[in-house]
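Participant: Read top to bottom, the protein sequences are chains G and D. Those letters in the first sequence? Residues 1 to 410, by the numbering used here. Those letters in the second sequence? Residues 1 to 315, by the numbering used here.
Any given hint might turn out to be false.
From chain D, some residues computed to sit far from chain G (all C-beta separations above 10 Å) [to be verified]: (1) N137; (2) V213; (3) Q288.
For the chain D half of the interface with chain G, some residues (derived, Cβ under 7 Å), not all of them [said to hold, decoys possible]: (4) N11; (5) K115; (6) R121; (7) L125; (8) F128; (9) T136; (10) P291.
Computed list of lysine-lysine pairs in DSSO-like fashion (alpha-carbon distance at most 27 Å, straight line) [stated by the list, open to error]: (11) G/K303 to G/K65; (12) G/K139 to G/K343; (13) D/K88 to G/K303; (14) G/K372 to G/K343; (15) D/K88 to G/K372; (16) G/K372 to G/K190.
Don't read these hints as lab results, they were simulated from the structure. Heads up, the beta-carbon is just placed ideally off N, CA and C, and yes, glycines get one too.
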Amino acid sequence: MRKLTLAIAVIAPMLGHAASAQDTLKIGYIDPLSGGGASVGEGGLKTFQYLAEELNAKGGILGKKVEIVPLDNKTNPQESLVQAQKAIDAGVHYITQGNGSSVAAALSDFVTKNNTRNPGKEVLYFNYAAVDPSLTNDKCSFWHFRWDASSDIKMEALTNYVKDTPAVKKVYLINQDYSFGQSVRSDARKMLGAKRPDIQIVGDELHPLLKVTDFSPYIAKIKASGADSVITGNWGQDIALLLKAAADAGLKVNWYTYYAGGAGGPTAIKQTGLDHQVFQITEGFANSGNKAAMDYEKAFRAKVGLSLWYPRAVNEMRMFKAAAEKANSIDPVKVAAALEGLKFEVLDGGEGTMRKDDHQFFQPIYISSFGKLTESEPYDEENTGWGWHLVSKVDTPQTIVPTTCKMARP
Amino acid sequence: MLELIVISTLNGVLFGMLLFLLSSGLTVIFSMMGVLNFAHASFYMLGAFFGFQLTKWIGFWPALVLAPLLVGAIGMAVERYGLRNTHKHGHVAELLLTFGLAFAIEEIVSMIWGKSPLDYRVPALLDFPAFTVFSTNYPAYKIFMLVVSVVIFVALLLVLKRTRVGLIVQAALTHPHMVGHLGHNVGRVFMVVFGVGSALAGLAGVIAGPALVTQSDMAASLGPILFVVIVFGGLGSLPGAFVASLVIALVQTFAVALNGSLASAFGPLDPSTGPSVLSDIWNVTIAQVAPIVPYLLLVIILIVRPMGLMGTRES
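With the hints as constraints, model all of the structure from the sequences given.
Facilitator: In structure tokens:
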């Protein structure tokens, strides 16, 4: 009798577990959880875990509990594929990733091949932050969906703002020397040339990725060029050190950036004292003025202890739920079909669309500046007392860029 | 043009002094003990994190003294309980020990302080532009770094070359048994030397922390360039490391300032060749390859003069 009880005690939880596995919807989160990118990767993981909890509190997706499976890829494409295979073997049908366009390209390719070889066991790849335009152009895939604005969309929005800002006359471009930095640079040249041919590009610099410790020589060059504005796609320590060196040298220009708001960026700007001289292009931010988004920010900060870096992740998970409900299935092929062309009210307000042609999400884009806050802007960043302030909102129609994608559908 | 030359020279000298500040401890340990300390950059990182924490509790100036002492104490413990035991198995074992230690320290630091950059600021007393050249400001803090570097250089040189302590330390490296027979505790000499070397790394960390980014991967990002400095200057030569720091920083700074490429020197390639590997090489500017230049110098000096600029021995 005792043995039987013991056996039941051991087996019962296993059965229970097997049953619950049927009721969970696993999402593989493949991003750096160690190494140089870990600070960003950990923030992303906490965000997705928060979003999963939020969905589960409201009954999950079609009654299934959402579970985030963290997988460490060390920002390495090869390692990412190993982790993706591991996830697929464990029965994961949805993966999400954001850091590094090289990783994204490898994953998109991997998922596409996997789905061709294993019909009936398809996997969808939700990209929340890798912005290389090629992912929705020449390298586009039916199985890849991108919620972040690609780098050319951000540049389209930024140049539409610059078009109406006559103070910008001499622009200096400084970017990291890899696919993303090069695309920022060539997009800026092309779009500024078309919209503001009077603007002079007084410098165009590419520096090695995450290897520069002292940016003073670059700042000296910017100063010598007489630029009034700098456009940069730099992220991580490359933006922090660049801004520090600029403030040390007393360089007075406006900075138009993609990622000044990333981990460590706000701290660096506050240290430099560049009050409302650093601008950022995002799909949403803490002080956007939208009531629902600002309440969401409050709850998020209270629970997670971080700012909501990725409003797009909120859109991603909510649209996943909407698409699954529309298809009335969690079969990846049906969800993918439901996502195509899906219109959705985004977190910060306004309508976005998942374009059918290339699986790029189009949404309102904000340009904000970092500095001292007014009374109606309650949120600072990284305890600096400074925060983001709305400068300009670019509506969805002004962010549309053409695509060369020739989508191969199953 | 004159403006760019003057400013590049100034920037180069300031960056060079920062490099020397970082590599001085490594040189001391290497020249006195023959240990190539892979964990040196980790001690530098510990210095920055201790500096940050102590600054929060008791202010920057006490931290400037206390943090290096703490790091030095840790260094001594590492020598006493780690290196001394592996010493009899030769240099490879010592190297592996410090190699492992570097990873352990990084993990511990990120466990305690997290992986995000810390808000470690320049002290208010030094937070002003010291002087202005061609409308470019030079912050007082950078001048402070320069002064500290020069003071350390002079002090180390005097202690090693002009005092009895320096004599014993140098003798202990080449003739440990004889020094022991003369009544000196060789083990303790090595322990103190390692401690001083680590403390110098800690001091560099406290000072460089606010100027650069203080986060848990700072050791990994600065480690390689330190080895370039001491190999280039001559393994174990203090004046060599000083000169090498300056040369590397100046070369790198001036390289950034230059926009020349093969295309601008010899004219653009025939467009019919189209985009290829060759056109990439043809169009790359000197500025683009600047941060790689120190490593190129390392390779060249190892081929031409294996003992380094001012080194006396080959290993």
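Participant: Now tell me if each hint is right for this structure.
Facilitator: Tested hints:
1. In this structure D/N137 is not separated from chain G by more than 10 Å, as the shortest Cβ-Cβ distance comes to only about 4 Å.
2. At roughly 5 Å from the closest C-beta of chain G, the C-beta of D/V213 falls inside 10 Å, breaking its exclusion from the interface.
3. Residue placement check: D/Q288 does not keep its beta carbon more than 10 Å from all beta carbons of chain G (closest about 5 Å).
4. Given the 7 Å rule on beta carbons, the hint for D/N11 holds: about 4 Å separates it from the nearest Cβ of chain G.
5. Look at D/K115: its Cβ gets to within about 4 Å of chain G, closer than 7 Å, so that hint holds up.
6. For D/R121, the shortest C-beta to C-beta distance to chain G is roughly 6 Å, which falls under 7 Å, so the interface hint holds.
7. Evaluation of the D/L125 hint against chain G yields a violated restraint, the C-beta minimum of about 16 Å exceeding 7 Å.
8. For D/F128, the interface hint is violated, the least distance from its beta-carbon to any beta-carbon of chain G being 11 Å, above 7 Å.
9. Below 7 Å, beta-carbon pairs count as interface contacts, and D/T136 has one with chain G at about 5 Å; its hint therefore holds.
10. The restraint placing D/P291 at the interface with chain G holds, with a minimum CB-CB distance near 5 Å, inside the 7 Å limit.
11. Using a Cα cut-off of 27 Å, the hinted pair G/K303 and G/K65 holds, with the two alpha carbons roughly 20 Å apart.
12. This hinted pair checks out: G/K139 and G/K343 have alpha carbons roughly 24 Å apart, not beyond 27 Å.
13. Restraint check: the Cα-Cα separation between D/K88 and G/K303 comes to about 54 Å, which exceeds 27 Å; the hinted pair is violated.
14. Restraint check: the Cα-Cα separation between G/K372 and G/K343 comes to about 36 Å, which exceeds 27 Å; the hinted pair is violated.
15. For the suggested pair D/K88 and G/K372, the alpha carbons sit about 60 Å apart, so the restraint of at most 27 Å is broken.
16. This hinted pair does not check out: G/K372 and G/K190 have alpha carbons roughly 34 Å apart, beyond 27 Å.
Hints 1, 2, 3, 7, 8, 13, 14, 15 and 16 from the earlier list are contradicted by this structure; the remaining hints agree with it.
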